[in-house]
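Undergrad: Based on the sequences and whatever the hints tell you, model everything.
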Amino acid sequence: MSWTTPKRAFIGAASAEGGTKLNAFDNALLKLGIGNVNLVKLSSVIPAHIEWIEEVHDVPIGMLLPTVYAHIESDEPGMTISAALGIGISENNEGGLIYEYAGYCTKEEAEEMVRKMVEEGFAMRGWKLAEFKVASASITVKDKPAAAIAAVVMFPY
Amino acid sequence: MSWTTPKRAFIGAASAEGGTKLNAFDNALLKLGIGNVNLVKLSSVIPAHIEWIEEVHDVPIGMLLPTVYAHIESDEPGMTISAALGIGISENNEGGLIYEYAGYCTKEEAEEMVRKMVEEGFAMRGWKLAEFKVASASITVKDKPAAAIAAVVMFPY
Amino acid sequence: MSWTTPKRAFIGAASAEGGTKLNAFDNALLKLGIGNVNLVKLSSVIPAHIEWIEEVHDVPIGMLLPTVYAHIESDEPGMTISAALGIGISENNEGGLIYEYAGYCTKEEAEEMVRKMVEEGFAMRGWKLAEFKVASASITVKDKPAAAIAAVVMFPY
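Chains as they are written, first to last, in the working numbering: chain A, 8 to 164; chain B, 8 to 164; chain C, 8 to 164.
Since the hints were derived computationally from the structure, they do not count as laboratory data.
Do not rely on the hints blindly, as some may be mistaken.
No distinction is drawn between identical chains; accordingly, a pair holds when it is met within one copy or between any pair of copies.
The calculated lysine-lysine pairs, modelled on PhoX-like cross-linking and capped at a C-alpha distance of 20 Å, are [stated by the list, open to error]:
#1 Lys14 <-> Lys38
#2 Lys14 <-> Lys140
#3 Lys151 <-> Lys123
#4 Lys151 <-> Lys38
#5 Lys149 <-> Lys14
#6 Lys151 <-> Lys14
#7 Lys123 <-> Lys48
TA: If you want it as structure tokens, here you go:
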């Protein structure tokens, strides 16, 4: 087990409403299965040989998990908010990069932003992009505060 | 010892003035006994069977401590700023939730905000609220920058 | 090895342009040799007996490194942005303090801000300032987004 160089990761995105902006954020985390852990915000690099998992389970309540996330909350009715993560994986899974974007825009616009950022990040490093993943969520605010979140959660084992 | 699933926690709140906003924040941390450690900001879940301690002591200078905190700084004379954390503990101490609020408002308003957020968080999870704690601090800015902070600091042992 | 009380630290500052603000930030991190790790943001205390290193090398891709950093990004042509960290070391290297500043200002102004904050932090604690270091970077925005960053990266070994 190594907290400092994670072994596995989960990627997901969700949107939700709530009584407050923070509750909306919390409710989106619950939808992703990460509402009962502590997210420790990271900048955004994927360790080599990471294994991607489909679901978060059997994590103790309150466990600290290193997480890259993009999020946005709003209580302005009629506005559409979106959050996206673009994940680029290098050849032979020797590392990867994650770029975040969240804003008042459509899901497609957020996805396009992170795609461009991943491409530039790989070009700057001279890395070859073997695989591109995107996680994105979007919601149009109605009468309650809403949140959109995209996350990559990393696990020490 | 486990950095990833804390065993003990301290809760406190303080306000202070300083020569700059950051110094005011720093001075509030000093009042809480956590001015000489490194806070690593968490989202906000309390591990099961946490033990609450009354005071922070015997912590090495610069130790990294996972901390949930709400804070606000201001240099606008006459304004009142407040920070609050609402902490809900589930039955049998099997976990808990922390919600943050900080803003230009009274201490009572900040406390009311976090109380509502805790109640919604418990309702969403179907958890029963066994105990509610609140930590809050407030200050009215005079001629120097001021800060209000509320914190739950977690310890690996 | 101890993630919780770091043993060594690196200090540096850089500025860069990029296709987006986040890419500019990323490019500045690459210049500093910390573009392929995960920064975990800290508040700002230096452990006792820290050893300063000249360069970051042999760090696994995606490793989590506790980091104090100040940063600013801008895409407003003609504007100068600066980021600075002021580092005060106490007598006998028994601990230190780091204060951050980033804003629309010159490098000299940012450096002056952090110097004052370090002095106040030491005075408040009754510590004697044995050594003062500053890391700062500045850039004037042209036609592309730009970033300035100053960082102290800490290592568990």
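Undergrad: Next, verify each hint and record whether it holds.
TA: Comparing the hints with the structure gives:
1. Taking identical chains as interchangeable, the C-alpha atoms of lysine 14 and lysine 38 are never at most 20 Å apart, the minima being 23 Å within one chain and 27 Å between chains.
2. Proximity of lysine 14 to lysine 140 under the C-alpha cut-off of 20 Å is restricted to the intra-copy arrangement: shortest distance 18 Å within a copy versus 36 Å between copies.
3. Taking CA atoms no more than 20 Å apart as the test, lysine 151 paired with lysine 123 passes between copies only; the shortest distance there is 15 Å, against 32 Å inside one copy.
4. Taking identical chains as interchangeable, the C-alpha atoms of lysine 151 and lysine 38 lie at most 20 Å apart only when both belong to the same chain, with a minimum of 17 Å there against 38 Å between chains.
5. For the homomeric pair lysine 149 and lysine 14, neither the shortest alpha-carbon distance inside one copy (40 Å) nor that between copies (41 Å) is at most 20 Å.
6. When the C-alpha separation of lysine 151 and lysine 14 is checked against a cutoff of 20 Å, the pair qualifies neither within a copy, at 38 Å, nor between copies, at 36 Å.
7. In this assembly of identical chains, the alpha carbons of lysine 123 and lysine 48 never lie at most 20 Å apart, being 22 Å within a copy and 25 Å across copies at closest.
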